[in-house]
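Peer 1: Kindly produce the complete structure, drawing on both the sequences and the hints.
There are 2 protein chains.
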Amino acid sequence: MLLYNSPVSGNCYKVRLLLAHLGIPVERRTLDVVDRSNRPELLGDLNPALRVPTIVLDDGRPLAESSAILWYFGEGTRFVPEDRYRRAQVLQWMFFEQYEVEPNIAVVRFWFHELGGVPAGQQSVYESKVAAGYRTLDAMEKYLASGRQWFVGDGMTLADIALYGYTHVAGEGGFELDRYPALQEWHERVSSAPGHVPITA
Amino acid sequence: MLLYNSPVSGNCYKVRLLLAHLGIPVERRTLDVVDRSNRPELLGDLNPALRVPTIVLDDGRPLAESSAILWYFGEGTRFVPEDRYRRAQVLQWMFFEQYEVEPNIAVVRFWFHELGGVPAGQQSVYESKVAAGYRTLDAMEKYLASGRQWFVGDGMTLADIALYGYTHVAGEGGFELDRYPALQEWHERVSSAPGHVPITA
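As given, the protein sequences belong to chains A and B, one line each in that order. Residue 44 in the working numbering is what sits at position 44 of the first sequence, and the numbering runs on without skipping anything. Residue 1182 in the working numbering is what sits at position 182 of the second sequence, and the numbering runs on without skipping anything.
Hints are all accurate, no fakes.
These stretches of chain B come out as covered by chain A in the derived footprint (C-beta under 8 Å, 3 or more residues):
1) 1096–1102
2) 1138–1147
Pulled from the structure, derived: some chain B residues nowhere near chain A, Cβ distances all over 12 Å:
3) 1111
4) 1155
5) 1174
6) 1196
Note that these hints are calculated values from the structure, not bench results. All residues carry an ideal CB built from backbone N, CA and C; glycine is no exception.
Peer 2: In structure tokens form, the structure reads like this:
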């Protein structure tokens, strides 16, 4: 099994984290996240969006979108609830993550972490992403602060893995996580679970 | 069952379309998509993202994110494949839709359709969204033009319902759908399926 990967991508990390928890080995092929000129050649037949993560299963079939890959490997394990409503809640948080967390927190982090700052001409975009990123963290904090240990049900699910991916490194984009005690406790809870691996692994 | 709805939202339309196909009645409560000041009061306890669609099930439990709502009602029907890999492919396209289609095509359509044009100061954002929207339509056209009738497998799935929601009204955002013959044929295929309802219904 082959994972088209980036070491800095939170989306790729989610896949690596779940596979580590499940004890499933995967070969990695690193793609550049700044120079994307070879993407059509490498991913053109595998992923219409030409993004990482893209995975090629042992039988050669490709799968893309981090959350869809998580679902493929998570179904039938403790990371996807058996109850239909809870399964839908897990997906609700995974879609929330891709719509609210990724375009704001992940992009700002990418700019600081990989490009050294806000790209020319993007200052107003940056400001709106920071505002939206904080609204997103506010919503997560409020949800957790009502006494929840995990985002869905009584144990770690794909929702936690998906939401952890970028929020635990939001500080690398300048977001002040000290404002969010419940979120930080939840980050601790995820990272101290048996089988956890860090984003740098 | 109560759907917090907007008549113009493609995300809400997806839910209405699936429920129509499944013959499930739902009460609607229309929320304003321009003046969102009452959202915390109405949706604060139901949806951390304060967006429509949000649905309240008969037993009072809430569910949000259009694609998660689709999954809740679609599981166990012909709209979600029994095969694990195909299920993951359906989710792949649903995440593609929320990440690539919605933030670009839906937002540009919203600006023209609801606000009468590009908001002040957003011209460069507009241009990047138009470019990303066309890249997204290009990717869908290429995928369909290889001879596929539907996005996953041999029949309509949640992937088609999700992707149809905003792409069939992309013209309202100024996108030229005439460039995309395979996409237009697929739009026809979706809209001529028994049980179909238009976005205006």
